[in-house]
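S.K.: One-letter residues, chain by chain:
2 protein chains.
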Amino acid sequence: MELILLTCLGITTLIVKIFGSIGAVSAGLDLGKEGPLVHIGCCIASLLAQGGPDDYRLKWRWLRHFNNDRDRRDIITCGASSGVCAAFRSPVGGVLFALEEVATWWRSALLWRTFFSTAVVVVILRAFIEICNSGKCGLFGKGGLIMFDVSDVVVTYHVTDVIPITIVGILGGILGSLYNYLLHKVLVVYNLINQKGRIHKLLLALTVSVFTSVCLYGLPFLAKCQPCHPSAREICPTNTGSGNFKQFNCPDGHYNDLATLLFTTNDDAVRNIFSSNTPEEFQTASLLIFFVLYCILGLVTFGIAVPSGLFLPIILMGSAYGRLLGIAMRSYTKIDQGLYAVLGAASLMAGSMRMTVSLCVIFLELTNNLLLLPITMIVLLVSKTVGDSFNPSIYEIILDLKGLPFLDANPEPWMRNLTVGELADAKPPVVTLCGVEKVSRIVEVLKNTTHNAFPVVDERVVPPMGLAIGSTELHGLILRAHLAQVLKKKWFLTEKRRTEDWEVREKFDWVELAERDGTMEEVAVTRDEMEMYVDLHPLTNTTPYTVMESMSVAKAMVLFRQVGLRHMLIVPRYHEAGVSFCSVTHPLHNYI
Amino acid sequence: MELILLTCLGITTLIVKIFGSIGAVSAGLDLGKEGPLVHIGCCIASLLAQGGPDDYRLKWRWLRHFNNDRDRRDIITCGASSGVCAAFRSPVGGVLFALEEVATWWRSALLWRTFFSTAVVVVILRAFIEICNSGKCGLFGKGGLIMFDVSDVVVTYHVTDVIPITIVGILGGILGSLYNYLLHKVLVVYNLINQKGRIHKLLLALTVSVFTSVCLYGLPFLAKCQPCHPSAREICPTNTGSGNFKQFNCPDGHYNDLATLLFTTNDDAVRNIFSSNTPEEFQTASLLIFFVLYCILGLVTFGIAVPSGLFLPIILMGSAYGRLLGIAMRSYTKIDQGLYAVLGAASLMAGSMRMTVSLCVIFLELTNNLLLLPITMIVLLVSKTVGDSFNPSIYEIILDLKGLPFLDANPEPWMRNLTVGELADAKPPVVTLCGVEKVSRIVEVLKNTTHNAFPVVDERVVPPMGLAIGSTELHGLILRAHLAQVLKKKWFLTEKRRTEDWEVREKFDWVELAERDGTMEEVAVTRDEMEMYVDLHPLTNTTPYTVMESMSVAKAMVLFRQVGLRHMLIVPRYHEAGVSFCSVTHPLHNYI
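Protein chains in written order, with our numbering: chain A, 31 to 622; chain B, 31 to 622.
One or more hints might be untrue.
If chains are identical, the list can't say which one is meant, so a pair holds when it fits in one copy or spans any two.
To be verified - Dumping the calculated DSS-like pairs for lysine-lysine here, alpha-carbon to alpha-carbon at most 30 Å:
no.	residue 1	residue 2
1	585	457
2	468	215
3	526	537
4	519	226
5	457	537
Keep in mind that the hints were calculated from the coordinates and are not lab data.
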C-alpha cells in the first residue's frame, strides 16, 4: 500500500524529469533543472499525500491513509529525494540530500522510505536509458547512468598535494559565501519588483532571458579559434549536439573553446569542463569569460518567475573556477585540470550550500571516481568551514527571505534567559473555552481569533465541599478544525450535558477529523442554534504536551522541535487552578 | 578544540586498525575485524569524551569540555563511524552506518562531526597506503583504497535480469533471517557457558579456535586440483601471500580452489570470490564446502570471548551463496558470477542486519562499481523486506540478549492503552525529598534506593491564609550524583535555611557537577553531621519535563525518546497539590 504510493511517486517524478530535461533546454534561459525537479517531486508527493488536489473534488479516499502530518512530511521528503535522484541520477545522494537539507525529523523509517523511492526512480531511469539508447528521446538518452564520468582518470596525488587542495577549499568557501551574500541582495531587489504585479514579473523574466541568449550567442565571438589537436580522442571540430570541440565560427580544423562551453546543455558543458587529460583545450581567457558570465547568470536567473535551480549553475561556476586555479597552479602540482574542475565545483557547492555528506555522495555518483573521495572530503570540509564563518547557507537565506517561520534545530542564545511564561505574557491573552460551550461563543471565537487550537477548561469541583469554587481545571486542547467541523455538522445540544462517546463516533468519522481546514465558510448558524450548547469534551485532546511556565524558552523549544509539536500548553509552576495558554502558533510554529 | 578531539579520535582508531589488521591474521581464529574496530573506536571515543579512564587518575581537564551526555553520545557515534571507515576504507559508509545503526538521535551537527572524523581517518589511511606501498606493513599495504575492486567488470544487465536479481534478494533475506535465528540460539547457549567462569570461557574459545584451524587446514585436501587456465591474468599457481590461484597440495600448473579461499586473510578471500571473468575458477563442490564451513564458523565464532565481527563472515557466506546461485542460474542470465557474489553478499547482509542505505554505500565503496547501484538497491530492499517478515535485525537480537534496556524508536502497541499514571503505580512508590532536607535522610535514601534522581518537594503555602496546609508543591528534580557530591563536600547547614547562589558557586564547580557517579564510597558522615541540613533548592533542576498522568505511555515515550530524557516527572491531571513521580529509570531509561 505504502510501497505502491512511493512507487507512483518515483515514476511520476521521473516522467516529469524527462519532459523537464527536454523542456529546460528549449527554454531560452540557462538554468539548473534540479531545483524545479526537487520542487515538482515535493508537489507530487504532497498531492499524493493529500489524496488529490484540495480545491477540485478529485480526492481518492484510499490515499487518505496518509492523512496525518507526519506521514505527509515523510512522503514530501521522499518526493524531494526522488527529485534529486532524477536530476543527478544519484540515488544515494538523493537520500542524503533529503536527510541533510530537507527533513526536519530524521527517523530510520524515513531513511528506508526515501531509499525505496530513489531506488524506484533509479531503476526506472536505468530502464529508460536502455530504451533511449537509440537517442530518440531528445537529449535524455545521452551519457548513461553516470552523468560526468571521470573514472578513466588515473588520480595521482600525494601528501604534498594537500596544500593546493586546501587552497581550492578555502577560495571555494570564500567565493561561495560571497555568492550567498550577493544572491541575497539580488533576491531582495527581485522581491520588490515581483510585488509590483504580473507585468513586472514577466518583463523581468523576459529581460533576463534575452540577456542570457545574447550573451550565450555573442560571447563566443570573443574567443579566438584554436587548432584541433591531432591527439584529440574525440572528433574535432563538431557542430551538432554534444561534443568536446565545437567549430562555431572557426575554419575547419579549428574549434572555439568558449562555444564548446556555451553552445550546449548545462550537462554537456559540465562534461566538457570536467573532461580530463585536456590541459590545452581551454584558454584562460575563455574560462575567465565563462566564469564571470555564469556568476552573473547564476545571480540574476535564480529569483525570476521561472523555476530554476542552484545546483548546476554553481557546479558550472565552480568547475570554471577550479580549472582556472588548476591552470594557475599548473607548475606546482600534477593533479589533472579536470579534477581541479571537479574539486572547484565541490568547493563552491559546499561554500554556498554547506552540505557535506550529501554533496560528497552526489559528486561521487556524478563523477564515478572513488579515489577522489579523500580529497573531495577535505575540500568539502574546508570550504564549508570557511563559508560558515561568513554567513548562513543559501537555503537558510532563502527561507528567511520567503519569511517561512522555519524553526531552527538548535535554540538561539536569547532563548536561554527567557522563560516561556514571559513569552506567553508578551502575546495576546489566551482564549479558552468551557467544556460545554455555547454555540454563539464558539462562532465568535472562531471569527475573532486566528489561533489553531484552544484550551478547554472546566469548572473545578473541590471534593470536600462538593461545590464549584471560582477556580478552573484544564481539560485539554481542542483544534480549530474540529470546532469548525462541529459547526458544519450542527452537532448541537439543546441543554447543558455531557455526551457519550458513541454519539460522537456515529456523527464524525476519522477522515473528517483528519481534515485540517478551520475555514468558516459554508457554516450558517441560525439565531436559535446560537443559544444551543456543544460538548467539547469528546473532541478534546486531553493529554497535550505541557511545560512549566518557569521553563526556559530554549528548553521548551527543544521539546517543541524534537517531538514536532504544533501547540504546547504552558502550565503555571504552582500546580493549582488556572491555566495560561501560549498560542505558540506564531512564535514557535514550525513547518516541514 | 572539538576538531582536535575528533582528529585524535580518527588517528588513534586508525593506528589501532593497522595493528588490528596485522593481529587479526596472526590469531588462529577466523573472524571479521570490523566488529572489534567499531568497538575500539567507540571505546577510544568514550575515553576521550570522559577525558581519560575513570578509575585511574589520568583525566585531562581540557577534555572535560565534552562532559555532558549529548556530546559523549555524539563523539562515541563518531568513534563507531571511524571504526567502520577504518575497517572498510569506506568513509561515507561509515557515516551512514553510524547514522542508521548506532546513533539514537540524529542531528545535522552529528552528521557533520561523523563526516569529519571519517574524513580524517580516510586521509590518513590514504597516506599510510602510500607509505606502505613497498609492502613493508604486513598485509596492510595491499589493495589500495578500494578493498574489493570490481570496477573493471562491464556490468551488462537488462530489464529481464530483474527476476534473477529478485531471487537473489529473496533467498538472501531468508538465509539472513535464518542466520539471525540460529545465532540467537547459539548465543543463548554461549551465555550459559560463559557464565560458568573464566575457565569455561577460555576452553570455549580454544575449542572454536582449534576447530577453525583444523577446518581451514584440513578441508582443502577434499577439493581436487584444477589445471591453470593459460588465459589467467594472474600468476598461477602461487604459494605465498595473496593471489587468486593457490597451489597448496597440487602439482605444478595446477591450483586448489578451496585453498585459494581458505588459505588467505578474509579480505583476500572476498577479493578472490568477487573476482570477475573467472566463471570456471571455482568448482561447485568447493564453494559449497566453503559456504557451509563459513556458516558454521560464523555461528560458532561470534559469541566467544574474543572480539569478533559480523560483517566479514556474512560477506563471505553471502558471496559464496551468490556465486553458487550464479553457477546454478548460469544458463538464464549473462550477469558475471563475480557480480552474483557481490549481490549475494549484499543480500545476506541486508537479510541479517536490515540496513539499507549504509550497506548500499559500503558496497559501493568496497566494490567501486557505480553501475551496480540499481541492482544492489533492489537486492537490498527485497532481502530487507523478506527478512523483516521473519525476525528483527541481528543487532536488536543481540541487544535483547545482552539485556541492554534500549528504547526502540516507535512505541509498542500495548503502550497506547496504558497511561503513565498506571505505569507509575505499578512501580515501587516514589521517594521524594524536601527542599531543605536532613543529612541523615539523604544518606538513608541514597543507601536504600537505586533511583538516579529524586523529586524535590516543598511545603505549600497558600497565599490567603499564609499558613502551610498539608499539601506540598513540586520544586524540581535533583540528581543522585549531586546529592553524593553534597555529601562528599560536606556542604551542610547547621539550621534550616535557604542558601544563596554564590554559596553554591564557590563550593561546586561545573566539572564536578558534570560528574555522573552517585557512588557512596568515600562518603563518611559523622553522627552530629547526620543532624544537620542541606538546602537542595540551588542544586535542583527546577524545570524538568513533565507529563500528565493520564497521558498514554506511547505518547510519553515519544517525548522521552525524542528529547532524549533520563527522567520524566508525572504530574496528576488535576493541577493541585501532590506530585507522583515515576522512577522512569528502569522502564524507560535509554542508553546510546
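S.K.: Please go over all the hints and tell whether each is borne out by the structure.
M.R.: Hint check:
Both within a single protomer and between protomers do residue 585 and residue 457 lie at most 30 Å apart by alpha-carbon distance, with minima of 19 Å and 28 Å respectively. In this assembly of identical chains, the alpha carbons of residue 468 and residue 215 never lie at most 30 Å apart, being 52 Å within a copy and 64 Å across copies at closest. Taking the shortest alpha-carbon separations for residue 526 and residue 537, only the intra-copy value of 19 Å comes in at or below 30 Å, while the best inter-copy value is 60 Å. With identical chains, the CA atoms of residue 519 and residue 226 are never at most 30 Å apart, being 42 Å at best within one copy and 70 Å at best between copies.
Within a single copy, residue 457 and residue 537 get their C-alpha atoms no closer than 36 Å, and across copies no closer than 40 Å, so neither meets the 30 Å cut-off.
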